[in-house]
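Asker: Heads up: the sequence lines are chains A and B, in that order.
Note that my numbering gives residue 411 to position 411 of the first sequence, counting from 1, and the numbers run on in steps of one.
In my numbering, each residue's number is its place in the second sequence (first place is 1) plus 1000.
Among the clues, some could well be false.
Said to hold, decoys possible - Not everything, but these chain B residues come out facing chain A in the computed CB check (under 7 Å): (1) 1009; (2) 1077; (3) 1079; (4) 1186; (5) 1287; (6) 1306; (7) 1338.
Stated by the list, open to error - Have a look at the derived ranges for each label pair, beta carbon to beta carbon: (8) 1043/B - 337/A: 29 to 39 Å; (9) 343/A - 1025/B: 46 to 56 Å; (10) 1272/B - 113/A: 52 to 62 Å.
Unchecked claim - Output of the computed footprint for chain B on chain A, the stretches with three or more beta carbons under 8 Å from beta carbons of chain B: (11) 75-85; (12) 114-127; (13) 323-337; (14) 349-359; (15) 363-369.
Calculated from the structure, these hints are not laboratory results.
The model shown is predicted, which means the values in this text are computed figures rather than measured ones.
For every residue, glycine included, the Cβ atom is placed at its ideal position computed from N, Cα and C.
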Amino acid sequence: MSKNPMSASLSMLNRFSGSPLVHRLGLYKPAQAVARTAVRGGFKAGIAVARQFKAVQKLVRPERFQQTTRLSDLFDLNVSEEQQLIRDMAQRFAREIVRPAAIKADEMCSAPEGFDAQLAELGLGQFAVPETLGGAATEASVVTGVLVAEDLAYGDLGLALAALAPIGVANALVRWGSADQQAKYLPAFAEASPPKASIAIAEPRPLFDPNELRTRATIDGDGFLLKGEKSLVPLAESCDFLLVAASLVGKGPRIFIVPRDTAGMTIMADPALGARAASLGRVVFDDVRLPSQAILGEGIDVCDFGELLDLSRIALCALSVGTAQAILDYTITYCNDRKAFGEPISNRQAVAFMIANIGIEVESMRLLTWRAAARAQVGLPFHREAYLARVLCAEKGMEVGTNGVQLLGGHGYIKDHPVERWYRDLMAVSVMEGGLLL
Amino acid sequence: MQLEIPKKLSAFIDQAHMIANEVFRPISRKYDLAEHQYPVELDMLASVMDGMNEGDATGGVGAGKLKQQKSERGSGVRNGTNMSTVLGLTELAWGDVGLALTIPRQGLGNAAIAAVANEEQLKRFKGCWAAMAITEPGAGSDSANIRTTATKDGDHYVLNGEKIFITAGERANVVVVWATLDPSLGRAAIKSFVVEKGTPGMNFVRLDHKLGIRASDTATIIFNDCRVPKDNLLGSPEVDVKAGFGGAMQTFDNTRPVVAAMALGVGRASLDRTRQLLKERGILGGYERTLFGSTAAEAELYRMEADLEAARLLTLKAAWLADNGIPNSKEASMAKAKAGRVANHITLRCLQLCAAVGATQTELLEKWARDSKILDIFEGTQQIQLLIIARRLLGKSSAELR
Chain A
1 MSKNPMSASL SMLNRFSGSP LVHRLGLYKP AQAVARTAVR GGFKAGIAVA RQFKAVQKLV
61 RPERFQQTTR LSDLFDLNVS EEQQLIRDMA QRFAREIVRP AAIKADEMCS APEGFDAQLA
121 ELGLGQFAVP ETLGGAATEA SVVTGVLVAE DLAYGDLGLA LAALAPIGVA NALVRWGSAD
181 QQAKYLPAFA EASPPKASIA IAEPRPLFDP NELRTRATID GDGFLLKGEK SLVPLAESCD
241 FLLVAASLVG KGPRIFIVPR DTAGMTIMAD PALGARAASL GRVVFDDVRL PSQAILGEGI
301 DVCDFGELLD LSRIALCALS VGTAQAILDY TITYCNDRKA FGEPISNRQA VAFMIANIGI
361 EVESMRLLTW RAAARAQVGL PFHREAYLAR VLCAEKGMEV GTNGVQLLGG HGYIKDHPVE
421 RWYRDLMAVS VMEGGLLL
Chain B
1001 MQLEIPKKLS AFIDQAHMIA NEVFRPISRK YDLAEHQYPV ELDMLASVMD GMNEGDATGG
1061 VGAGKLKQQK SERGSGVRNG TNMSTVLGLT ELAWGDVGLA LTIPRQGLGN AAIAAVANEE
1121 QLKRFKGCWA AMAITEPGAG SDSANIRTTA TKDGDHYVLN GEKIFITAGE RANVVVVWAT
1181 LDPSLGRAAI KSFVVEKGTP GMNFVRLDHK LGIRASDTAT IIFNDCRVPK DNLLGSPEVD
1241 VKAGFGGAMQ TFDNTRPVVA AMALGVGRAS LDRTRQLLKE RGILGGYERT LFGSTAAEAE
1301 LYRMEADLEA ARLLTLKAAW LADNGIPNSK EASMAKAKAG RVANHITLRC LQLCAAVGAT
1361 QTELLEKWAR DSKILDIFEG TQQIQLLIIA RRLLGKSSAE LR
């Protein structure tokens, strides 16, 4: 039975004002203000004003990275010196900043205060934005992106997602954005205080398939009307703008740049079981009017949606590899320390074999993910590889998560240990689409 | 980072595939039915392979060439013999794994000789076909517990004991036999001896009737005061308790990826053929829809393909490590464990997907479903691989994690 709109709004408000989270975050006062408008016109979050973007320089043509040329024909699992340097940095950040912040971030559904500033110091945006637009990047860094995602997710998957979602948007703009779009949005990503943005693809629908989007764009005068709903959108409430996947009637899937404060757009928190630190949200588009320039790319340069999905899926795979590795390392230590029947439980094959299997599957997940990324990096077709990596990482990630908790027994089920969080994170990432992009 | 097969190996892989397709496949069913009959077609093939090796400047391929590279700093990344052997065997096993196991001069014993023999022995046993005899009626996975003895007597060792499950044991010219110098000293006293066919006291007892790989013979040999020249002992004759199994086990680090490669070949054969057959039923499998938006049969194909691809990359990694002088014991076992179980699962599931067509002899699917099972057993069962991996991951000795 459907509720009438008023009753739905009230029931939502009731939950919101009763939430200890709202109080803890000091959001009660602003929430009350929001509440007044919410009853009138739906539930719109709008606590902060979205950042305004303006092109300070004009680009004649869009900046695109040259295809990376293969330096060698050989099978080689080594990472380059430069990649190793970035990895060292990311790993230290994951160890010292991300992992200690993870428990609270999961609870609060957001990164801790000061995290954005620490993240900005890491300067990941610099590696995404081309030199001409104020960054330091000279080529697409698909492989480096995978390594960084893996390393950050080793610290915490949700925070890694929060950290990398804006980078994914920058990557998409470099890959497909028009000259004007690049000039307007990209330089900000290389600044000391980069914008928040993410890619919204997933929709709240069982058996969701990104190739059958329900979110629709119709041509309306010299612009578009956007209608539909997105879920599992990282940083939804705090974003400055979103890249939204919608089916353009008569044309097929397109990506639209949608500023946060666009009229007709409703954003609400929508916490999932995992990846909570990424402040996942739901976004409703109710006949949102967009200008013609809102479509990502232009003319024949329009965004390749299939490629976007694949680059996004590889990134999500990399997150699951990092978290699965965290489970492997944690269970090794735990099972070597934990004694039962007078000896470490890892002396038993029933326990040891589970750990061996986690080891095998984590390495399997990693190699499939790396291969897809390495192919994308040098311009080889990579759809099949990305697809298979996704299949494997979703299935084995779930297996590693559940076995990780099992190995700790009751201790795995309580929040004194991070394994139950990793279990939730691996499950959440296995159903995500979008959010990240390499 | 680059996870593609180097182009320089593609001609070689094509050759191996051609052999699989043109030589193995046409006689595959014939020797499955005619168990214990020697596949004469392989003599010609072995000569061709020898010729290929002689003309190969990159170090050659095959069981007799497997070796852990000594690390040479600054010499750059190498894709060498381990990788090419793994890739070649994958293709041959795609043709027929039973036949691949019985190619003259490509026995497991050849790998053992290559791994631990000294220069003189390498020269002396060059060109021989060497089988490997480890398992006994009372000791399989527990190979440290073998009971066959080798007693020093002047310039000879005298062997006594029973060996079973010897692949190509009767067809090979020599058998590398594992025996203990002193059962009370445990694994450190276990040595391997090259015994030439026809040596008095070496008695062939029987050939086994098997579930699969029926083109490959599996022999039982009893050694009864069998005298072997002392120079046929491979490696050091000293019993060094510290070094332990060393030499013997080194062989496995090199051969496990090769057995994993065979599993990849059989698995891919089943998957390739099943895809063809399902296409006729409208199952296209073009990676278009999500896993759960696909038909059940398609989703099954995707899952199997993803697992097979994982096994393939693990195998390439293990071979790559060996080629570049990096210890690979854990990775070799990971490759073997994953490839063995995945190949077995794939062949069984493919048979089911193809229903009666899969189960009957008009197709090779039912044969592959029988062949694949051995790949999760020999060269260390699934469980032995897990034990090795777990010990490495957990930092445990074989006394702690038994």
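Asker: Next step is simple, just say for each hint if it's right about the structure.
Answerer: Going through the hints against the structure:
1. 1009: violated, 9 Å
2. 1077: holds, 5 Å
3. 1079: holds, 5 Å
4. 1186: violated, 20 Å
5. 1287: This interface hint holds because 4 Å falls under the 7 Å limit.
6. 1306: holds, 4 Å
7. 1338: holds, 5 Å
8. 1043/B - 337/A: 29 to 39 Å: At 59 Å between Cβs, range violated.
9. 343/A - 1025/B: 46 to 56 Å: Because 52 Å falls inside the window, the suggested range holds.
10. 1272/B - 113/A: 52 to 62 Å: The hint (52 to 62 Å, Cβ to Cβ) holds, given that residue 1272/B and residue 113/A are roughly 56 Å apart.
11. 75-85: Three-residue rule met by the region 75-85 of chain A, so holds; n is 7.
12. 114-127: Per the Cβ count (0), the hint is violated.
13. 323-337: Held - the region 323-337 of chain A has 4 residues with a Cβ nearer than 8 Å to chain B, which meets the minimum of three.
14. 349-359: holds (count 7)
15. 363-369: holds (count 5)
Hints 1, 4, 8 and 12, counting from the list given before, are not met by this structure.
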